[in-house]
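Asker: Each chain, written out:
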Amino acid sequence: ELKVEQNPLFLSMQEGKNYTIYCNYSTTSDRLYWYRQDPGKSLESLFVLLSNGAVKQEGRLMASLDTKARLSTLHITAAVHDLSATYFCAVPKETSGSRLTFGEGTQLTVNP
Amino acid sequence: NAGVTQTPKFQVLKTGQSMTLQCAQDMNHEYMSWYRQDPGMGLRLIHYSVGAGITDQGEVPNGYNVSRSTTEDFPLRLLSAAPSQTSVYFCASSLDHYNEQFFGPGTRLTVL
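Quick note, the sequences are listed as chains H and V, same order.
Here our numbering is used: the first residue of the first sequence is 22, the next is one more, and so on.
Here our numbering is used: the first residue of the second sequence is 205, the next is one more, and so on.
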């Protein structure tokens, strides 16, 4: 059974600081997705990582995928308050399937 | 494009009542999914579809039915509502199994 674990689950950080959110998964997968959810809102796609070694950056966020270690990281650089949200990683159950298993989410709060 | 739309936004049901949550997308996506989101549990897949006429169960299908008669619509039916089905329900669609899933705004359901 595929398990997807994120840590930390709660993260409070100061503006300007750097931090990394980790996403570990238990079975082989060549893809991983990161989503953002603001309180009371829907999920918004952040990154699609489609191969081992994939790295994507958007603004202060950078995501990477190591399929051999079954690990993805979401790195936050010089955090700002607008990044406060819950971040989810999701992994497909099968190599050619679309059924996603989500992590529990990391609730990020950026304090001034 | 409206993207993925869901109705209603909010619903209160009594135990034993039935209802249908509507989901539609105008992006000509083949893949559609229903998730429920509960506190501390991330998102869990209820049912999914890889095209019109094709549906399959996700990880928490009990108490729910789906059908996919057109590419655009993917309704979720609650057969006999139970308090355990109190949750936020999200519909999502994607072009194929590689691309990210686009989420609707969600339906917040309370079963008394």
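Among the hints, erroneous ones may be present.
[Unchecked claim] The list that follows gives simulated cross-link-like pairs (lysine-lysine, DSBU-like), each with its CA atoms no further than 30 Å apart: (1) H:K38 <-> H:K77; (2) H:K62 <-> H:K38; (3) H:K38 <-> H:K114; (4) V:K213 <-> H:K62; (5) V:K218 <-> H:K38; (6) H:K77 <-> H:K24.
[Said to hold, decoys possible] A partial selection of chain V residues facing chain H, derived with a Cβ cut-off under 8 Å: (7) G244; (8) L249; (9) V254; (10) S298; (11) H301; (12) Y302; (13) F306.
Hints listed in this document are in silico derivations from the structure and should not be mistaken for laboratory results.
Because the structure is a prediction, the values reported are computed rather than measured.
We treat Cβ as the ideally placed atom computed from N, Cα and C, and that holds for glycine.
Asker: Now look at each hint and say whether the structure bears it out.
Answerer: To see whether the hints hold, each was checked on the structure:
1. H:K38 <-> H:K77: This hinted pair holds, its Cα atoms lying about 20 Å apart.
2. H:K62 <-> H:K38: holds, 26 Å
3. H:K38 <-> H:K114: Judged against 30 Å, a Cα distance of about 34 Å means the pair is violated.
4. V:K213 <-> H:K62: Judged against 30 Å, a Cα distance of about 11 Å means the pair holds.
5. V:K218 <-> H:K38: With a Cα-Cα distance of about 48 Å, the restraint between K218 (chain V) and K38 (chain H) is violated, given a limit of 30 Å.
6. H:K77 <-> H:K24: With a Cα-Cα distance of about 23 Å, the restraint between K77 (chain H) and K24 (chain H) holds, given a limit of 30 Å.
7. G244: holds, 6 Å
8. L249: holds, 6 Å
9. V254: With Cβ-Cβ at 7 Å, under 8 Å, it holds.
10. S298: Since chain H brings a Cβ to about 6 Å from S298 (chain V), closer than 8 Å, the hint holds.
11. H301: holds, 4 Å
12. Y302: holds, 6 Å
13. F306: With Cβ-Cβ at 7 Å, under 8 Å, it holds.
The structure fails to meet hints 3, 5 from the earlier list, while all remaining hints are met.
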